[in-house]
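Just so you know, the sequences run in chain order G and X. Yeah, the first sequence ends on 243 if you go by our numbering, and it's all consecutive. Yeah, the second sequence ends on 613 if you go by our numbering, and it's all consecutive.
In short, the hints are calculated from the structure, not lab data. A portion of the hints provided could be inaccurate.
As the list claims (entries may be wrong) - Okay, the calculated beta carbon distance ranges per label pair:
id, chain 1, residue 1, chain 2, residue 2, range
1, G, E227, X, R583, 26 to 32 Å
2, G, E206, X, S586, 31 to 37 Å
3, G, F209, X, A489, 48 to 54 Å
4, G, L75, X, S424, 52 to 58 Å
5, X, E471, G, F202, 43 to 49 Å
6, G, M133, X, G553, 24 to 30 Å
7, X, S586, G, E227, 19 to 25 Å
8, X, R583, G, L214, 27 to 33 Å
To be verified - What the simulated footprint calls covered on chain X by chain G, stretch by stretch (three residues with Cβ under 8 Å from a Cβ of chain G suffice, anywhere in the stretch; the number is not a length):
id, stretch
9, 501-513
10, 551-559
11, 590-604
Virtual Cβ for every residue (Gly too), placed ideally from N, Cα, C.
Listed here are the chains, written in short residue letters.
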Amino acid sequence: MSDSDDISKLDHVDMSVRELLTEMKDQSEVIVDLAYASLMYNSDNMAQKVRDLENDMDDLKFAIRYKALLAARTKEDARQLSGLLEVASAADRISNAASDIVSLLRFPPDKRPLITDVLLESDERIRMIRVKKESTLVGNTIGKLAIEANTGCKVIAIKNRHGWSYDPEDDMKIRANDDLIVRGTDDGADILSQCAFGKREWDFEEEVLTQEEAESEAEEDERVEAELTEELNGEDEE
Amino acid sequence: MKSKLEHMFLELKDTSEMMVDLAYSSLLYDNVEIAEEVISLNDRMEELSEKIQDEIAQVSRAMPDEVARAVITTRLMDSILEIAAAAKSIADVVVRGLAEHPVLAMSIRDSDTTICLAKVATDSILAGKTLGEVSLATNSGMFVLAIKRGDDYIFGPDWNSRLESDDILIARGPEDAVAFFKDIADGTRNEF
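Given these sequences and hints, build the entire structure.
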């Protein structure tokens with residue numbers, strides 16, 4: 006059996022099923038935002054990123070199937086893993102749909118659907134914000150600013166002098182003249198815009214928990230979450 | 422003034438996104454009621470898509486220049502329906518009782534966008550307020566997907582939805598917003 010050669014051709018097999026599924030869920034969410042944004046801003050570059058993510062998703066899908074089949078030892082394993090694989094396949098279908106959405110870019114903008122109007126009215130909207138040099142955001146990372154926690158807006162892409170970064174990590178630094186593409190509430194985007202234009206100071210969290218405090222709060226939150234899960238599902242109640 | 426078509430299209434898109442969020446919530450909590458809501462939303466999506474097709478047909482008849490746009494709109498609609506169908510198949514896993522694998526819940530919790538529960542305490546600043554009055558999503562970074570009140574659920578609450586004490590909120594957002602959100606709901610914190 007020389008199956009080790011075949012495995013080496015599969016990408017991502019070094020990841021666990023848990024890591025693979027987490028990655029698939031994350032990608033399936035960001036890819037839809039990027040697909041709509043690419044239509045809104047008529048961006049081929051963003052559309053290409055969507056196609057790259059979609060290709061990567063296919064690799065992830067094969068890797069998770071491979072790992073799940075290897076992990077099945079009993080009928081119970083097979084039963085549970087069949088549910089898990091269905092979820093993985095749903096994430097893949099979402100990314101296929103996103104890739105179909107960006108294929109509409111090849112039609113001239115004036116023939117495209119009213120997508121821009123629709124996106125501007127959605128519950129959670131997509132917007133582009135330019136960071137001016139006098140902004141208090143400049144020089145800080147997305148993680149330090151905790152942009153999403155503080156404004157309800159998720160940064161889905163950043164364009165800086167090196168080009169586009171999609172689904173930027175927490176350690177990504179914001180610099181003057183960056184363009185941020187965000188998705189979130191209108192109010193939140195307003196606050197963020199004002200800060201980006203330098204018309205408003207960013208409200209840095211001054212209170213920092215010690216590691217011990219943070220850990221004990223996390224433990225407490227976990228306990229409450231477990232209790233509420235039971236209550237939600239109506240077990241042991243009434 | 423938005424056209425009837427735009428209104429319907431907006432509902433189609435927003436519903437597809439809510440379905441995905443609710444589908445992952447049903448999976449995380451292995452909750453059949455939420456899963457069933459996703460499945461019935463999918464039926465509504467199908468009805469809505471038929472209405473959109475009728476409307477597109479009418480618009481095209483009245484304005485032949487709009488035919489090209491109509492065809493492309495239909496394609497976009499198909500992609501949105503596919504996203505909704507994928508959400509439905511996640512919900513289906515829950516309804517079939519196949520959502521027990523521990524990795525499912527772990528993966529959702531590990532995600533960049535996580536989901537959590539919080540109960541509104543009597544002395545919480547949320548109690549008695551609408552979601553709009555407290556600008557909850559903007560101020561806490563957590564977006565409320567559903568509210569469980571007694572035995573009932575309110576799915577996809579809007580700005581006018583009022584929160585009451587003892588409501589259980591199902592919300593999505595970044596990991597670093599969860600602790601704060603829970604503190605606001607349980608009354609530990611009294612200001613944003």
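Structure-based check of each hint:
1. G/E227 - X/R583: 26 to 32 Å: holds, 29 Å
2. G/E206 - X/S586: 31 to 37 Å: holds, 35 Å
3. G/F209 - X/A489: 48 to 54 Å: Holds, at about 50 Å.
4. G/L75 - X/S424: 52 to 58 Å: Holds, since G/L75 and X/S424 (Cβ atoms, about 53 Å apart) stay within the stated range.
5. X/E471 - G/F202: 43 to 49 Å: Since the Cβ atoms of X/E471 and G/F202 sit about 45 Å apart, the hinted range of 43 to 49 Å holds.
6. G/M133 - X/G553: 24 to 30 Å: 25 Å Cβ-Cβ, so the 24 to 30 Å window holds.
7. X/S586 - G/E227: 19 to 25 Å: At 23 Å between Cβs, range holds.
8. X/R583 - G/L214: 27 to 33 Å: With a Cβ separation near 32 Å, X/R583 and G/L214 satisfy 27 to 33 Å, so the hint holds.
9. 501-513: holds (count 9)
10. 551-559: holds (count 3)
11. 590-604: Check passed, 9 qualifying residues.
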